[in-house]
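Each number in our numbering corresponds to the 1-based position in the first sequence with 4 added.
Errors might be hidden in some of the hints.
As the list claims (entries may be wrong) - Listed next, the in silico SDA-like pairs over lysine to any residue satisfying Cα-Cα at most 20 angstroms (straight line):
id, residue 1, residue 2
1, Lys9, Gly71
2, Lys246, Lys230
3, Lys246, Ser234
4, Lys198, Lys238
5, Lys350, Lys320
6, Lys15, Gln264
7, Lys304, Met84
8, Lys253, Thr225
9, Lys281, Asp11
10, Lys232, Gly194
11, Lys278, Pro290
12, Lys73, Asp11
13, Lys134, Met84
14, Lys385, Ser335
15, Lys353, Phe403
16, Lys238, Lys353
17, Lys253, Met296
18, Lys385, Ile372
19, Lys320, Phe338
20, Lys295, Gln264
21, Lys304, Leu261
22, Lys15, Met84
Claimed, not checked - DEER-style ranges, computed between Cβ atoms:
id, residue 1, residue 2, range
23, Ser108, Asn285, 24 to 30 angstroms
24, Ile272, Asp23, 18 to 24 angstroms
25, Glu28, Lys276, 28 to 34 angstroms
26, Asp360, Glu316, 30 to 36 angstroms
27, Ala101, Leu8, 51 to 57 angstroms
28, Asp228, Ile272, 38 to 44 angstroms
29, Gly165, Ala101, 32 to 38 angstroms
What the hints contain is simulated information worked out from the structure, not anything from laboratory work.
If you're wondering where the values come from, they're calculated on a predicted model, not measured in any experiment.
Beta carbons: idealized from backbone N, C-alpha and C, even for Gly.
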Amino acid sequence: MILLKIDEQLKIIKRGVVDIVTEEELINKLKSGKPLRVKLGIDPTATEIHLGHTVALNKLRQFQDLGHKAILIIGDWTAMVGDPTGRMEERPYLDKATVLKNVSSYKQQAFKILDKNNLDIVYNSEWFNKISFEEVLKLCSKFTLAQMLEHESFEKRYKEGIPLTLLEMMYPIMQGYDSVVIRADIELGGTDQKFNVIAGRFLQREYGMEPQVGLFTPILTGLDGKNKMSKSLKNYIGINDKPEDMYGKVMSIPDELIIQYFELLTDIDVEKIKDIKREINNGQNPMEFKKMLAYNIVTKYIGKKEAEFAKEHFQKTFSEKEIPYHNYKYSWDFETDEVTIADFLKKLKIVESNSDARRLVEQGGFYINDNRVDDFKRIIKKSEMPFTFRAGKKNFGIFE
RNA sequence: GGGGAGAUUCCAGAGCGGUCAAAUGGGGCAGACUGUAAAUCUGUUGGCUUAUGCCUUCGAUGGUUCAAAUCCAUCUCUCCCCA
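Please model the complete structure; the sequences and the hints are all you need to start from.
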């Protein structure tokens, strides 16, 4: 693989990157002409990768395409500890079985973005299972409390009197040690990873290595337009989402996020994105661009055919107010031929309790065959099939 | 090791013997409006065969009382100050 010229590489590398520590070191590393070892760590704390994760994954892919060596660290060990970054409370300690379960699905999802060929996948349990306590102490001796408190999350928690354990403070050290073990030249991460990445630089230096360069991508804002995209806040778009859901979720983002999403989640040319920005500012309906964005994202992560489908689905559902019941087919799966609304909704996992169901009905959010149901005591009969139902805005389907 | 403060429903945070399923705000959900945007407004937000009824909930366990989130004891956890 022949590497591109340095300035051409830099142009690609720097797209969507908000900070480099340091650019000068990066250039020097590129000048060596050798493929660089580019590290990205992901902790399998949940089963699903969402678009927030893909920002850095995309960047890693770009390095692969440039001929560098991608090293994906699966933090099966660090996942148990949990990254305390940005957290105001201790994360529940994940058990090994859960983590292992997450690992396999993570890998499958990561391959949607990464090139399998030029990729090393390593688990940090490989070294953390073996590390001696002596070595751990040695690592700890490199850091002072004051250094740790430079970490904003730690300082904040400390100052506000919120519990902060030593275990959590070990996290940056562990992540840094990963870089030492795999001899990373570059580490990718969101800006929130700065402290952890810099800890890696620090440790590498202590171990007599040239420090890695930190390359930071912005944090993708979630669907609520306020917080970072995360599973726990339920403001995410999953990489395994159904095409129509992915499309729909993109359509539901606040307008202010459109440009950010274009920049971080699509391969659309930077100049083109600037044009879009200008047009929106000139009063063009942002919805049109949002549709384009949604189409692009679905195409990229799922496929063109699915994107077409999702687009049509959206058009029908929301623009023409025709609810596509037929896309969600159900068969009569109840124990009896007659069920109450509460049982119906509980079985479909739309509500969790009878009270919940009652509320939904009382508030006018339940429809059968497009007729609002006011009577909570109404019985749904198998003989009514086929019929359509709708509960709130997001849940609907047809029984046939 | 010593002293002090605290643990409340999804979150923050009131309540400090009955009127407490527990104020208020945030979040969630539903409705109106709309571009499944934002903003706004309204309702709702423990559970139960809807009942001015019952059950479970205010860190845990025991106790006092006709009655406890509220008082007492012990325990667990957290924060602060001093060593």
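Is the straight-line distance between the alpha-carbon of Lys232 and that of Gly194 20 angstroms or less?
holds (11 angstroms)
Given the hint that Lys385 pairs with Ser335, test it: the Cα-Cα distance must not exceed 20 angstroms.
holds (13 angstroms)
Are the Cα atoms of Lys278 and Pro290 separated by 20 angstroms or less?
The given pair, whose Cα atoms are some 14 angstroms apart, holds under the 20 angstroms limit.
Tell me if the straight-line CA distance from Lys350 to Lys320 falls inside 20 angstroms.
violated (28 angstroms)
For the pair supplied as a hint, Lys353 and Phe403, confirm whether the alpha-carbon distance does not exceed 20 angstroms.
holds (15 angstroms)
Quick one, are Lys304 and Met84 close enough, alpha carbons at most 20 angstroms?
Status violated; Cα separation ~32 angstroms.
Does the Cβ-Cβ separation between Gly165 and Ala101 fall within 32 to 38 angstroms?
holds (34 angstroms)
Quickly compare the C-alpha distance for Lys246 and Ser234 to 20 angstroms and report which way the hint goes.
holds (18 angstroms)
Confirm or reject the claim that Ser108 and Asn285 have a C-beta distance inside 24 to 30 angstroms.
violated (45 angstroms)
How does the Cβ-Cβ distance of Asp228 and Ile272 compare with 38 to 44 angstroms: does it lie in that range?
Cβ of Asp228 to Cβ of Ile272: about 24 angstroms, so the range 38 to 44 angstroms is violated.
Pairwise hint evaluation, Phe338 against Lys320, where the allowed Cα distance is 20 angstroms at most:
violated (30 angstroms)
Pair hint Lys9 and Gly71, alpha-carbon separation not exceeding 20 angstroms:
Holds - the C-alpha atoms of Gly71 and Lys9 are around 12 angstroms apart, at most 20 angstroms.
Checked against the numbered hints given earlier, the structure breaks hints 2, 4, 5, 7, 9, 19, 22, 23, 27, 28 and satisfies all the rest.
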